[in-house]
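Visitor: Can you make the complete structure from the sequences, with help from the hints?
What follows is each chain in one-letter form.
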Amino acid sequence: MFFLHNLWMVPLLPAAGAVLMLLFGRRLGKSAVNAICVGAVLAAFAWSALSVAQFVHAGEPRFHLSLFTWIGSGAGQLMVSLYGGGQAEFVVRAGMLLDPLSAVWLLFVTGVGALIHIYSTGYMAHEGGYYRFFGYLNLFMFSMLTLILADNYLLMFVGWEGVGLCSYLLIGFYFDRHSASTAANKAFITNRVGDAGVLLGSFTIFWLFGSFDFVRVTELARANAAHLMGTPILLFATLALFVGACGKSAQIPLYIWLPDAMEGPTPVSALIHAATMVTAGVYMVARSNALFVLAPKTMMVVAVVGALTAFFAATIGLVQNDIKRVLAYSTVSQLGYMFLALGVGAFTAGVFHVFTHAFFKALLFLGSGSVIHAMSGEQDMRSMGALARKIPITFRAMLVGTLAIAGIPGLAGFFSKDEILWQAWSAHNGEFRILWLLGVVTALMTSFYMFRLIYLTFFGQGRMSHEVEHHIHESPRSMTVPLIVLALCSVFAGYLGVSPSIARIVGLHGQTNRFEHFLAPVFENHAEASASGGVVKEEAPEEESTPIEYGLMLLSVAAAVAGWMSARRAYANTAQQVREPIAIAAPPVYRTLLNKYYVDEAYDYAITGRRALGSTRLGAIGAGEALWKFDARVVDGGVNGAGWLTRFTGRVSSWWDKWIIDGLGVNGPAFVVRMMSYPTKILQAGLLQWYALVMIFGLAGLLWYYLFHLAH
Amino acid sequence: MYNHILSIILFTPLVGAFVLLCIPGSNKTAIRWTANFFGFLGFAVSLPLVSWFWAVKSLPGFKFMEGAPNSWIPTIGAGYYLGIDGISFLLIMLTTFLGAISILSSWSAIDNRVKEYYAWFLVLQTGMLGVFMSLDFFLFFVFWEAMLVPMYLLIGIWGGPRRVYASIKFFLYTLFGSVFMLLAIIFLYFFHHAQTGVFTFSILELYKTAPLLPAVYGPTAAVLLFLAFFVGFAIKVPMFPFHTWLPDAHVEAPTAGSVILAGVLLKMGTYGLIRFSLPLFPAVVHYPRLRLAMVTLSIIGILYGALVSLVQKDMKKLVAYSSVSHLGFCTLGIFTLNTLGLQGSVLQQINHGISTGALFLIVGILYERRHTREIAEYGGIGTVMPVYATIALIMFLSSMGLPLLNGFVGEFAILQATFLARPVWAAWAVPGVILAAAYLLWLYQRVFFGKVENPKNAALPDLTPRELATLLPLVALAFWIGLYPRPFFAILDQPSKEIVEMVEHPKTYNAAQPLKAAQVAQSAVESTPEAVR
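Residue numbers (the working numbering), protein chains in the order written: chain C, 40 to 751; chain L, 2 to 534.
To be clear, the hints were calculated from the coordinates, so they are not data collected in a lab.
Where is the CB? At the ideal position from N, CA and C, for every residue including glycine.
The reader is advised that the hints may include incorrect statements.
Listed next, the stretches of chain L that the computed footprint assigns to chain C, with coverage defined by at least 3 CB atoms under 8 Å from CB atoms of chain C [stated by the list, open to error]:
1) 128-137
2) 300-309
Below, computed lysine-lysine pairings styled on DSS-like, alpha-carbon distance capped at 27 Å [as the list claims (entries may be wrong)]:
3) C/LYS668 / L/LYS452
4) C/LYS720 / L/LYS318
5) C/LYS69 / L/LYS452
Chain L is nowhere near these chain C residues, computed Cβ spacing over 10 Å in every case [stated by the list, open to error]:
6) ILE110
7) LEU117
8) PRO586
9) ALA622
10) LEU632
11) LEU684
12) VAL691
13) LEU749
Guide: As structure tokens, then:
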């Protein structure tokens, strides 16, 4: 049990690679970088595989590894709800949980991750920042593995934010391109909206159960199922978590970042934006299944959002010209399928689709990378064509991937998608059949846009410039080998989860649905949930429904074939000018689809405020500008006004002091006295001559008086 | 040394300031070395406290007490009376740590009146440390006001073009708040006398009578006194709408001044709220409308600061407004009135000191090279200065609360505590987390990403070893708190428990709780009015 008991090594290996790259990467050569980073992920894969093997061998329902107390307040008990025991300490332990659910993720994340690392050594061989790229990739692997192996919501959130950060760094890998850094910001900030949801969900969970621990929360939720069923608080918690899932897994209304994320190097799109990170939302919902089944309204929201996303993203995918954008919208659409499955309670089917999708979508992205590599960086399918013979391995691999995603029987996508559609049909006694219909139409569109991609890229006439054509070459073995391995997985992965009805046709009795049996302990809450009317059991009564099931299966296969055939008719013989059937039939529809329903524009006007409506700005930037004006004029105006008022008062009192108090009160009487003293003052001038003169005049006056008056 | 550690920490910078005065002003190198020596010494003498404090962190009450109540001016009952608990311990460590870093960061940024600059800086250190150590209101107020003068001069002399306006605004605004606080302190002083017959400014003594205010003078009087303190603290924090001095002060202050201003000075406000507003007015902070008002102001601060940050064109102003947002989280944590909220708040204060301190250093480094803080002047710096860009990214992420870095732990604790107090409050505050990512990443994009389009940026040198030395300790701390915040929580366990206890069950003078303090005569207890007993 050595590997299992040292499970912490799995995330630590790539973490060590990332740290080495950060500190010394600049001084290392490419082979050293390969040895460290690819080696770390290969080792992590080997370690994971051995751990899972030991885990399965041990036969326990789950393996828990407690590491250390990460955040912990010892300041006493906090008040929480009665389900959590009334009070709880805020303690978050870092620990790892390996159960069937995390085992599935662990295997495909490390496996596909290792393949993509190998592929990248070829793809990035001529790019600058080689060590930086691999450092980020390893950091991503660390975060993703933390997310998967975490045993509580908070530690999962560490991985959750970590993968978001790596996504940001890798989308903006070519950071001197404005479009790349803008896409990176968009991805991070949109995801932050989702993260806010995860935070609120986690707060609620702690309040409800006094713990973040997955096992404990699940146990308490199942134990109190009857009380918690349909309560508003649980509705809030699950909806908040689902908002987070919408961010990470690119669902309406937060899907907008994923198509732009294609600005990153193609291996990144394959690893992060197709196979692994974007399924984190599915993982979280599946991990919280005990909570979600107790909130039927949330389940309905999940199913509806999933189906709508699947449908709308597929419609946009129909007309995109950038090969990676087609795949990006395809990813959004396939993720929608997964949420549809979760929403109708078919957790296993959703997880199974995550599993198969990881292989064929990684394959398709890597294949597109190989095409772009061959085409000297060209991504526009209108400038491609006739590549089938020039890059045969890439072509065959991509064809396998396309057949798989389109749902052609025998390949992985068929099994998982069919299971989802069947569950959507039968869940809730058929209440959600409209969602099933959306799913089937989406399947048709999926087949159409994927074969459109194949025909435009590999068939018809070559539409590239002469120089590009001259350089076309098959990719090196480091890139083609991963393609071949993934192609094999895309074919065979589906046989892990063959449903009983299919097994009956191909004679695989006794081999059915290993996947479901493996995962069963994780989703053990159906008894309580279905007792309260929530979700149907996944193993529907086979006998009765089999004819319908076969019928539906035929219908979805027919849809896939129809999509293929119409794409073939429209694009198989494309000459120099690509003719879009939708553009010819309905130009406004085509324009709307090509512009992605103008959702980005709407968001920029209304929510971010990056675009102004005339002179007014709305959204966050608009609010910021308005508040800044408010700040300068009103708040600070108040402060400056108070200052001005003080100075004004000072000036008034200084004037009062000077003119009234000092002027009228003090100097005024003095003036009067001075005025009154003036005559006296004149007499007292202090000049001797003046005194003499006055004396003479005085004497003269006296003399005159005596002479004239007294004489009378 | 053990018994006088606080005094040693408190006066080392002041001694440094006097030593600096003895060096001829023309010998700039000698002054710089001496100042850095004392800056580092100030930090070094606080290091023994770490292990000593760790050993006694779980003991109740204040630790490392020095001096005595009424020992300074006995006639009015003022004392040189120091003591710390976990909260003040962390803030003291932050102060000495950031002080050393700020002094180091000023090496080439300050070139005129070097001697005066460093001398005032060291005086400032002593002033701030005194605030966090005082157990006597008189002493506290002396430090609280004394610290204004050096900061005023730092901004006013070594600041940017509008330094005079900014420094006067800073000084007068803060003074305005302090006046109300002084009145309230004097009121409590006389109130204490009325209750016990003793004149004292000892905070520990006033703790025991101030909670009786609502019972004696009615709730209105108590609320008014609370508000008098609150205005003083809210201006310092600064809480909306008392924040407009901050962007001006930050933009004009020299880099080191901004680091200290954001890193430590603002924390005096939050510290005051925790140390005084809660324990002195336990009944008042429970009044639903008043508490709602406090929480509302905090939430407005969070969202308002973030939104205004979003549209700033000056990097420093952006960081300044982001401080308003971050400090909103700190005050929100305080008014959850539970232990987790208090712990989160203090931790977030430390985090803010680290992250925002680093952000100001980062802006300062660019400013020293280009002499502009206009965001539009930059672009493509990531290509020119890769090491700098990496460290900047880490600190930006720390500031926006990315897990495994420091900001997350504090923010999460505060928001979780808020949710437990009232879920709606948490729901209002959470968008602040989204906006933080928006304004910081957008800033990062505009400065670091893209091509170098401005030829002036083409040949900027990357970090010098000295600059690296100022930033790396902060990066290390950011990772430490993010990866293993346990010790910080452990230090805050006891004081937060005590403060919540004081808020929930204040221990006042009454028959059941006889006086123990030696300096208060037994007769004083017996003469306590009947109503109070």
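Visitor: It remains to establish, for every hint, whether it holds in the given structure.
Guide: Cross-check of the supplied hints:
Look at the segment 128-137 of chain L against chain C: 0 of its residues bring a Cβ nearer than 8 Å to a Cβ of that chain, fewer than three, so the hint is violated. Here's how the segment 300-309 of chain L fares: 3 of its residues keep a CB closer than 8 Å to some CB of chain C, so the rule of at least three is met and the hint holds. Proximity of C/LYS668 to L/LYS452 is assessed by CA-CA distance (about 32 Å); at most 27 Å being required, the pair is judged violated. Taken as a hint, the C/LYS720 and L/LYS318 pair is broken in the structure, with Cα atoms around 68 Å apart against an allowance of 27 Å.
Between C/LYS69 and L/LYS452 the CA atoms are separated by roughly 26 Å; this keeps the pair inside 27 Å, and the hint holds. Here C/ILE110 does not stay apart from chain L, with its beta-carbon only about 6 Å from theirs, under the 10 Å limit. Annotated as non-interface, C/LEU117 brings its C-beta within 10 Å of a C-beta of chain L; the closest such distance is 6 Å. Residue placement check: C/PRO586 keeps its beta carbon more than 10 Å from all beta carbons of chain L (closest about 50 Å).
Distance to chain L confirms C/ALA622 as a non-interface residue, since its nearest Cβ pair spans about 35 Å, more than 10 Å. Once the 10 Å rule is applied to beta carbons, C/LEU632 is consistent with being away from chain L; the minimum gap is 29 Å. Listed as a non-interface residue, C/LEU684 keeps its Cβ farther than 10 Å from every Cβ of chain L; the least gap is roughly 13 Å. With a least CB separation of 19 Å from chain L, C/VAL691 remains clear of the 10 Å interface cut-off, as annotated.
Listed as outside the interface, C/LEU749 is consistent with that label: its C-beta sits roughly 80 Å from the nearest C-beta of chain L, beyond the 10 Å cut-off.
Of the hints listed earlier, those the structure fails to meet are numbers 1, 3, 4, 6 and 7, in rising order.
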